[in-house]
Amino acid sequence: MNTLIQTHQHILKLSQVMIGLLWIYQGLFPKLIFKVEDEQYFWQYMGLASEYIFWVISLSGIAEISFGFMFLLFTHRYLHRLNIISLIGLFIFVLLIYPNKIYQAFNPVVMNLGLISLSIIALWCIDALQEIKLE
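In this note's numbering, each residue carries its 1-based index in the sequence shown increased by 662.
Hint data in this document are derived by calculation from the structure and do not stem from the laboratory. This one's a predicted model, so the numbers in the text were calculated from it and none came from an experiment. Ideal placement from N, C-alpha and C gives every residue a C-beta, glycine not left out. Heads up, a few of these hints could be off.
Claimed, not checked - If you anchor each label on the Cβ, the simulated ranges turn out as follows:
hint	residue 1	residue 2	range
1	Tyr-714	Ser-779	32 to 38 Å
2	Ile-747	Val-698	20 to 26 Å
3	Ser-720	His-672	34 to 40 Å
4	Ile-747	Asn-769	17 to 23 Å
5	Ser-728	Ile-794	29 to 35 Å
6	Phe-736	Ile-759	29 to 35 Å
7	Ile-695	Glu-793	39 to 45 Å
When you get a sec, could you build the whole thing from the sequences and use the hints?
Pasting the structure below:
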């Protein structure tokens, strides 16, 4: 039983760390360090005035980094549910704005499905660990 608990804890921790690091990466590199054109285009498409785009991209980067750190600091099913819902929403936006991105080499399908899968795995581990504690 002890190895079962440890296995679930390791899987959960790996899922949490990978989700956190990927969100931190997504906030840091495309938004804060490089300010990629796709991010600018997204906010232009949303109707934001060009003088605010730089600041909104920076704020969204900070929000993504903060969200990533939440996965490194906390383990809670609501965090994973929010992650899944957010990624589905972001994917829908990408389909509307950049439909040609879904078949390119580095695309949002791979990233979003990977992160959603990690959250589903984490939710399974959280449930399994709670069941084991109740026994």
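Taking the hints in turn, this is what the structure says about them:
1. Tyr-714 with Ser-779: 32 to 38 Å: This hint holds: roughly 35 Å between Cβ atoms.
2. Ile-747 with Val-698: 20 to 26 Å: holds (24 Å)
3. Ser-720 with His-672: 34 to 40 Å: The hint (34 to 40 Å, Cβ to Cβ) holds, given that Ser-720 and His-672 are roughly 36 Å apart.
4. Ile-747 with Asn-769: 17 to 23 Å: Hint holds: Cβ distance 20 Å, inside 17 to 23 Å.
5. Ser-728 with Ile-794: 29 to 35 Å: holds (31 Å)
6. Phe-736 with Ile-759: 29 to 35 Å: holds (31 Å)
7. Ile-695 with Glu-793: 39 to 45 Å: Distance hint for Ile-695, Glu-793 holds at roughly 43 Å.
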